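*Asks:* Residues per chain are reported as follows:
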Amino acid sequence: MIDLKNADPNFKWEIIKKEGGEGLLKCFGCSDCAASCPVRYFDERYNPRKIIRLTLLGMKNEVLSSPFLWFCAHCHACTERCPQGIMVADLINAIKNYAVEQGYCPEGYKLQLDLLKRLGRLYEIEDFDLKKRQRLGLPPVDKTIPEVAKILEYTNITARVHSKNAHANPKSEALNSVSCRTLDVRHKQIQITKMQNSKQDSSPDKKRVVE
Amino acid sequence: MKKYALFLGCTVPVRAQHYELSARNVAKELNIEFVDMKDASCCGFPLKAVDAETSLLLAARNIGIASKMNLDLITLCNSCTAMLSDAQKQMKNNEFYKKFKELGFSYPREVQVRHFVRVLYEDIGIENIKKHIKKPLGALRVIAHYGCHYMRPSQLYGFDNPEVPHTLDEMINITGAESIEYVDKKMCCGGSVLGIDEALAVTMANHKLNIAKNNNADALISICPFCTVMYEDNQRKAEAKFETKYEIPVLYYPQLLGLSFGLDQNAVGMRFNRVKPAAVLEKISPTPSEESTR
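Residue numbers (our numbering), protein chains in the order written: chain L, 1 to 211; chain E, 1 to 294.
Chain L with its partners taken away, still in its complex shape (with noise of 0.2 Å):
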């Protein structure tokens, strides 16, 4: 149930400023990136169409705050197929950075982002893995890149981040579950479907099980 009353005219305005949102407003709900999307082939509650109409329509806390919105893989399998050329997936892309702004930004990206800040890269590069690259004949590689820091600093981003308005992180544990859960339930269908067409269909895993 949409109720108009909180929406943010506005809101879709913010998106289209971002880097990636600029082609919001051709978007007419064909739902061809939901039908592309393979996150969505497994998880249901992600949808890319339903996250642009509720943007478009200005429902700002319910895009921002929905778990959902960080479940986009940016594989742009629906880029491929928008036929208004929207680049979807840098669509829901500036969607996560403007919810970033607001303060909602999961905790991996959060230590992510300290990693880069501190190395300059995801992983650390401890003595041992220097000398295992010795071994095996591979050139010594830099432990930290000062300079990332620097950028990080230039675009205010962890300033950002951490920011004092920060919500708490919008995945909770209870949600976790039922997404377990919703899984296997369709994991176990998909076995079912399986065993009942594994005589006469060669990729059996490609049924899609409707619920």
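Check each hint, because a few of them may be wrong.
Stated by the list, open to error - As a list, the in silico DSS-like pairs of lysine-lysine whose alpha-carbon atoms are at most 30 Å apart: (1) E:Lys-89 to L:Lys-131; (2) L:Lys-150 to E:Lys-99; (3) L:Lys-110 to E:Lys-28; (4) E:Lys-276 to L:Lys-17; (5) L:Lys-110 to E:Lys-276; (6) L:Lys-17 to E:Lys-241; (7) E:Lys-99 to L:Lys-131; (8) E:Lys-68 to L:Lys-143; (9) E:Lys-89 to L:Lys-150; (10) L:Lys-12 to L:Lys-50.
Unchecked claim - Stretch by stretch, here's where chain E covers chain L in the computed footprint (C-beta under 8 Å, at least three residues): (11) 26-32; (12) 58-65.
The set of hints was computed from the structure by calculation and includes no laboratory data.
Values in this document were obtained by computation on a predicted structure and should not be read as measured data.
Beta carbons are placed, not taken as given, at the ideal position from N, Cα and C, and that holds for glycine.
Here the structure of chain L is known, so what remains is to put chain E in place on it, guided by the hints.
*Replies:* What follows is chain E alone, placed relative to chain L:
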């Protein structure tokens, strides 16, 4: 001799040394020179969801390094390829370039960003590579996994078919191994959502492991370290979650190519594959009787 700047990214030098090792050794055979990039950092992709501009600036700094080396850039990771290609495009955007300059970076010459497999396909060419195959791997049947950012978004790459990709299959077939035809070739590994919802990511990875198993594939061939994290490192998790057994080795394409070149298994780092590829090595061991039974 063709010369390129080699961009390693975060995962390859620490968690996929066998990918790096095999890529370097294969390149040597093909007379390709890799020049390492001093001070190259993370490509920026992990920050894209947080702030696209920051991630693009990180990427731009990296291609700036290649630009100063006066070389085109080769990547081993799909997501690095996408991120660096995006930044390369952004360099023509005045506002972005101004910020890049403000940070004190420079980009004296346009840099082409391509994945190693694409470079093999485009610059070296199938016919040329064929000449180096000394030990065809006719005994193997494998599943090719492209990974999303190898050919998508097509607006960025204009390479291969984004819906029905074929270049990796062709590259596999020249080694003598059979690249199995299957549906859902472009299915995502789930890597990008691993940090958000592990159950979902493992379910996505499980899909292709299941396809590999149903097709009795000897191995899954990957060209991206993060796809390999999903299919190899998380294979046990998928097995536990879906109460099954896979034991499917995940090889990097240069490992397969190196074996077909007749390189020693240590030269392509076969002992670093986490799902042990003993069965693969046994199948391709050069005993004439085995050849005739196939």
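*Asks:* For every hint, state whether the structure bears it out.
*Replies:* Outcome of the hint check:
1. E:Lys-89 to L:Lys-131: violated (37 Å)
2. L:Lys-150 to E:Lys-99: It holds: about 13 Å lies between the C-alpha atoms, which stays within 30 Å.
3. L:Lys-110 to E:Lys-28: violated (40 Å)
4. E:Lys-276 to L:Lys-17: Roughly 49 Å between the alpha carbons, so the hint for E:Lys-276 and L:Lys-17 is violated.
5. L:Lys-110 to E:Lys-276: violated (35 Å)
6. L:Lys-17 to E:Lys-241: With a Cα-Cα distance of about 42 Å, the restraint between L:Lys-17 and E:Lys-241 is violated, given a limit of 30 Å.
7. E:Lys-99 to L:Lys-131: This hinted pair is violated, its Cα atoms lying about 38 Å apart.
8. E:Lys-68 to L:Lys-143: Between E:Lys-68 and L:Lys-143 the Cα gap is close to 22 Å, so the pair holds against 30 Å.
9. E:Lys-89 to L:Lys-150: Distance of about 22 Å is within 30 Å: holds.
10. L:Lys-12 to L:Lys-50: Since the Cα atoms of L:Lys-12 and L:Lys-50 sit roughly 14 Å apart, the hinted pair holds (cutoff 30 Å).
11. 26-32: Since three or more residues must qualify, the claim that chain E covers the stretch 26-32 of chain L is violated, with 0 doing so at under 8 Å.
12. 58-65: Coverage by chain E is violated for the stretch 58-65 of chain L (0 residues, Cβ < 8 Å).
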